[in-house]
Amino acid sequence: MGPRACLSAKNDLRKHAGTGNDCKKVFEPMCPDSNIEILMARYQQGDFDAATDLIGRISPQLHRFFLAQSASRADADDLLQETWLRIHKVRHTFRPGEPALPWFYAIARYVRVDHYRKSVRTTARERKLEAMSKEPAAVPEEFAHRGGLETLLAPLPESQREVIEMLKVAGMSLEEVARATSSTVGSVKQKAHRAYAKLRETMKATGFGKGQSGGLS
Amino acid sequence: MKNEEINDVLEKAGRALPDPSPATLQRVADSIKLSLHPVRPLPPEWAMTAGLVLICAAVSLAGAARAGFFGFEKMDVLERLLIFPALVILVWVAAVEFIHEMIPGSRRRVSPGALLGLGSSVLLALFALLFRDYRADHFISAGIACLLTGFLYAIPAALLGWLLLRRGFAVNPISAGLVAGVLGGLAGVGMLELHCPNFQAAHVLVWHTAVVPLSGAAGALVAWTLRFRARSDARKRTNPE
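One line per chain: the protein sequences are X and C, in this order. Position one of the first sequence corresponds to residue 0 (numbering that gives the first Met the number 0), numbered consecutively onward. Position one of the second sequence corresponds to residue 0 (numbering that gives the first Met the number 0), numbered consecutively onward.
The following block holds chain X by itself, in its conformation from the complex:
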């Protein structure tokens, strides 16, 4: 996106948001490359290029989010497509001036939960995941040998797993994670703290820290 297009997008969003302050807050970090808030505003105005750009930028993060939540690659692809359909349907609920990433993740969480509840096939998977969450000691061997984010996060309950994924893999701030998970910053901090304690315990039990490279490829 060139500087002229960026300026035009800024003006678009200014018209949209109504105040210059919101605009400044939103644009500072990423111009002239544009950021996802500008792209969202243009997407709301029916700009297909902005929509395509958003799909290219956000999809890898959402895909990783689904994969980290123990989805297979095929499931992650399905969930991604379903999430974008939902995003498209409710794109008017994004408010210019607000951070876009938590908005995307909140919808992705909804789709993931809905998908697993609806599908008979995945009900069995859910039970399996619940069992895994309840039995942190059952995975250390696999933990040390296989590595991979799904295995690393397997000892954690689902709520802690998604918080860690958003904080450490997607690189979101505590505030953004709190918005995405419909909770407070304090609750996110508490979940992250507990998750780290559990991860440290599991990594220690498996000697993960000593031979780190063997665990991750």
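Accuracy of the hints is not assured; some may be wrong.
[Said to hold, decoys possible] To list a few chain X residues with every Cβ distance to chain C over 10 Å, as calculated:
1. Asn34
2. Asp76
3. Ser172
4. Gln189
[Unchecked claim] These stretches of chain X come out as covered by chain C in the derived footprint (C-beta under 8 Å, 3 or more residues):
5. 44-50
6. 104-115
7. 191-205
Hint data in this document are derived by calculation from the structure and do not stem from the laboratory. Only a predicted model underlies this, so the values are computations on that prediction, with no experimental measurement involved. We put the CB at the ideal spot given by N, CA and C, even for glycine.
Chain C: place on chain X using the hints.
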């Protein structure tokens, strides 16, 4: 193992996850292309909040106008100055939370359960402070009449509130239903305070306050039922047999 080392491990594992294929991204882009048209974003938050507060005030006043302002007339100045501003503040807080429930990725200050607890506790504290008549005449019969009246006015307030925010999207419909119920319940309490001349402490503390949790529970139940029915319909469409 230090936090930094765990961070490194997680970041490395995250980077190792595969990206979606270009074909998948193309499919996504194609699926939205046909229906891509400009949309009107939701109104500003202050406008929606003001709308919800006005709805609650209108329902309470309409109810009291129909049934009589006996409670308001019997109250002294201190009671009026404490009860109604407190109700307006609680309605405002509930309205803001309802709006946040209907917009994905919004900032949450209180959870729906905490909102229910806060609303009920503030009302209990206020009523306990203001009403000192400890008799309990016709406790059950008069109480149930007030509870039902309050609940009856909570329903239109919650429905009109939902109608105002119908363009929103609740990522957790049960929480949204609970908050809508609490908001409606506060409108119901407002109506009772304007109308009910029974100032016996037990009556007000139990039956007037109970409108809020009852409406909240009803809102959550309605949302749960609607979601259950929607899922059953979706299942039937996918698998007709």
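Structure-based check of each hint:
Listed as outside the interface, Asn34(X) is consistent with that label: its C-beta sits roughly 15 Å from the nearest C-beta of chain C, beyond the 10 Å cut-off. The claim that Asp76(X) is not at the interface with chain C is violated, since a C-beta of that chain comes within 10 Å of its own (minimum 5 Å). Against chain C, the non-interface label of Ser172(X) holds: every CB pair exceeds 10 Å, the least being about 12 Å. No beta-carbon of chain C comes within 10 Å of the beta-carbon of Gln189(X); the shortest separation is about 13 Å.
Residue count for the stretch 44-50 of chain X with a Cβ under 8 Å from a Cβ of chain C: 4. That meets the three needed, and the coverage hint holds. Coverage of a stretch by a chain is defined here by at least three residues with a beta carbon nearer than 8 Å to that chain's beta carbons; for the stretch 104-115 of chain X and chain C the count is 5, and the condition holds. Here's how the stretch 191-205 of chain X fares: 5 of its residues keep a CB closer than 8 Å to some CB of chain C, so the rule of at least three is met and the hint holds.
Hint compliance for this structure: hint 2 alone is broken.
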